[in-house]
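Asker: Letter by letter, the chains look like this.
There are 2 protein chains.
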Amino acid sequence: MEEKKVAVVGAGLVGSLLAVLLAKKGMQVDVFERRPDLRKAKAIGGRSINLALSNRGFKALSLAGFDQEIRDISIPMYGRKMHDLKGNLTYQAYGKDNEAIYSVSRGQLNQKLMNLADDFENVKYRFDHACEDIDLPSNKITFANGESKEKNHYSYDQIFGTDGAFSSVRGVLQKTPMFNYSQDYLPHGYKELNFPANPDGTHCMDKNCLHIWPRGEFMMIALPNLDGSFTVTLFFPMKGEVSFESIDTEEKVVDFFNSTFADAVPHMPTLVDDYFSNPTSTLVTIRCSPWNYEDKVMLLGDASHAIVPFYGQGMNSGLEDCSVFFEMYDEHKDDVNALFEAFSKQRVPDGNAIADLALYNYIEMRDLAGDKDFLLRKKIERKFSDMYPDNWMPLYSQVTFSHIRYSEALAAGNRQRKIMDEVMGMNNIHENWDDQKVIDKILSLIK
Amino acid sequence: MEEKKVAVVGAGLVGSLLAVLLAKKGMQVDVFERRPDLRKAKAIGGRSINLALSNRGFKALSLAGFDQEIRDISIPMYGRKMHDLKGNLTYQAYGKDNEAIYSVSRGQLNQKLMNLADDFENVKYRFDHACEDIDLPSNKITFANGESKEKNHYSYDQIFGTDGAFSSVRGVLQKTPMFNYSQDYLPHGYKELNFPANPDGTHCMDKNCLHIWPRGEFMMIALPNLDGSFTVTLFFPMKGEVSFESIDTEEKVVDFFNSTFADAVPHMPTLVDDYFSNPTSTLVTIRCSPWNYEDKVMLLGDASHAIVPFYGQGMNSGLEDCSVFFEMYDEHKDDVNALFEAFSKQRVPDGNAIADLALYNYIEMRDLAGDKDFLLRKKIERKFSDMYPDNWMPLYSQVTFSHIRYSEALAAGNRQRKIMDEVMGMNNIHENWDDQKVIDKILSLIK
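Taken in order, these protein sequences are the chains called D and E.
Sequential numbering from 1 applies to the first sequence in the UniProt record's numbering.
Sequential numbering from 1 applies to the second sequence in the UniProt record's numbering.
Keep in mind that a hint or two might mislead.
SDA-like mimics (lysine to any residue), calculated; alpha carbons at most 25 angstroms apart, straight line [stated by the list, open to error]:
| hint | chain 1 | residue 1 | chain 2 | residue 2 |
| --- | --- | --- | --- | --- |
| 1 | D | K239 | E | A342 |
| 2 | D | K345 | E | S182 |
| 3 | D | K175 | E | A342 |
| 4 | D | K447 | D | N432 |
No lab work stands behind these hints: they were computed from the structure.
All chains should be modelled from the sequences, with the hints used to inform the complete structure.
Answerer: Structure (structure tokens):
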């Protein structure tokens, strides 16, 4: 592929990193983005969105040599802190020692990646270019120009679709035979809220953890920003008795937050304004197969596997697409068709696995994170894993701190869950959880 | 809705029947079709396609008063006849007495329905109109004219999308929030072949049954036509060792058919020509939810639930959409939003159920229809059902000869399968199947 002229459609996180990695192989890379250059545009309110970078993401960033630069604009979170109805806190470490996930602003990260990509002579950004169609036989893309809607046409050897959950590139593939596709919405949506910084610029809560208010049918979370504020997200039913639809007046918002998130309310001076002016967004899971069209088009990131945000793996899995692609690149670089097919074949089951894990984790976060049995289960797992690290890596660690394939992590997690179901069924487990016989039981089941 | 001006997009079987039923309620109905009028066009080779009409389809047709006219252009098939590798035949009745499914040509049926619809003053067909987009706030449809590609715009109170598996109307809904959608291709495709009529115009095999050549990983079927010919369909893997991809020379086709469908070859004078000139088509399952967009758009037929053809229910389920819609019509006719929501809510699970049943029946037809255990299972079921008709209606009969909701039939079928699994596990069941203790066993399990 070295000599090829390629297009990357979508200048988000995955698109910008991919452009750099392709450029480093010597390709001529045009990156198209339907929006204006976000480095020149004003921030769009209510959708700042914080992300949690973890090991998979950093590994991909390090391929481009960017990992330290990105670490510098992020805040480590070593565990989750659960806030119950009365404001009592429970802490749970994510991993061991210094294992952490890193809170970073999507906008800042994207700008940084664009600036770094701009340093490559063979990467060229074209903003205000909305992909309208692709003629697959000739691999010619039709773009509509932002304001004038004038059409431009460009042809490429290969086209990479990194244009997100509502990908136009994928829309073209969807019309080809044998392309499997699904989009599934959760009945819940989300809305961004905000805890501003203290007057002295410090954070109003512990900044080195992810805060969760688990409430059964819904939840709120908060992630720290560099400027002392927290980005807060309410995940909530779209319709029904307690929902975005039903909580529709100032009074109801105030009552609801006072009774449900009492300890958070003092941190939210603009709650009512935020609630009514910020948009309500939906939560969709996108799957497709294959991710490629012959040797012409390849989908990566949300374009091929958009997932719900509850495992913090949306961005990480998209960035990992890039590192996995380049791990396979050398073996197949003279046969793009083989490269694309091999990548799709390997990566589709991993995309499906992390989609399943993310859906499951929603239940865990909102429902179980405040539950006694759940916390004990985690404690026993942690103890056993500390004693026998080669025999047991907790599922969360496999997903977040390892590079084990998602599909293998999912399978291992299912085996572990069955074992822990048996352990939790032992007599008086809440009293006896620290006994040797609990460890022996796990050892007997693991074999 | 009585006074409304409505559009039906797609003049196929479901669209034409729906147009008549809406017209009978007094609505002004414009029916749009992207193809030319098929009554004036030449038949397209290799895609004639035979369908099997059964009770659900006839019930919907009878709502319009058309059932006898359609019965007159169809041929009853009372059972399936399996052809094994040596040409031995096994017959299995579909139901009791005169229960049959009716072979009919899609083209002839569609023409007939169009002619009948044309008799209604308030139904107007517009051919060569391809739906390009719908502006949902105004319910304005943009059409591209067949040859000139000139755009026309029309607005309607309600729009019914009956434009098939690759529906443009559904494509518009797919972009709205909270619209769940999936398209799944089987790894198998199909190709149409042909047994011509005998020189005297008679059929070369028994015309009153559906012929099947079950071969495990694939199968061939034949349905009778009025002119003495059979429409034959080969269902076959798209790729792999034995597949459309691998059987790619005249010699391979002849060898393959001689060794696999020996008793059919003498009936196929144009086999090689047909194999290479007829297209290879794909088999897709489409699901979505909801089927409506507010009180503006409603999807019916393949547009909302395209299924694989192995239960003979694709057309029947689409026509049944119409009868179910008008069963709910009177209750809600003054509140279109309530009507559309109630219909979607009731019908989505039934569309999913018949999709599942059709996928399962592919395994049954190609794999089990030639299997001794399978045939015995059916025989025992039939005997029990004859003795206790109120306690046991075979799944096939529920789907094909009853009006029980598909979702209920699927659930009942699952219960029956579990019972029959136990019965087939009885000692020496192949020798003792006719004993009273087998009947007693079923009676004990059914309670």
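Asker: If a hint holds in the structure, say so; if it doesn't, say that too.
Answerer: Checked hints:
1. With a CA separation close to 17 angstroms, the supplied pair K239 (chain D) and A342 (chain E) stays within the 25 angstroms bound.
2. Restraint check for K345 (chain D) and S182 (chain E): satisfied, since their Cα atoms lie roughly 20 angstroms apart, inside the 25 angstroms limit.
3. Taking the CA atoms of K175 (chain D) and A342 (chain E), the gap is near 31 angstroms; set against the 25 angstroms cutoff, the hint is violated.
4. Restraint check: the Cα-Cα separation between K447 (chain D) and N432 (chain D) comes to about 23 angstroms, which is no more than 25 angstroms; the hinted pair holds.
Hint compliance for this structure: hint 3 alone is broken.
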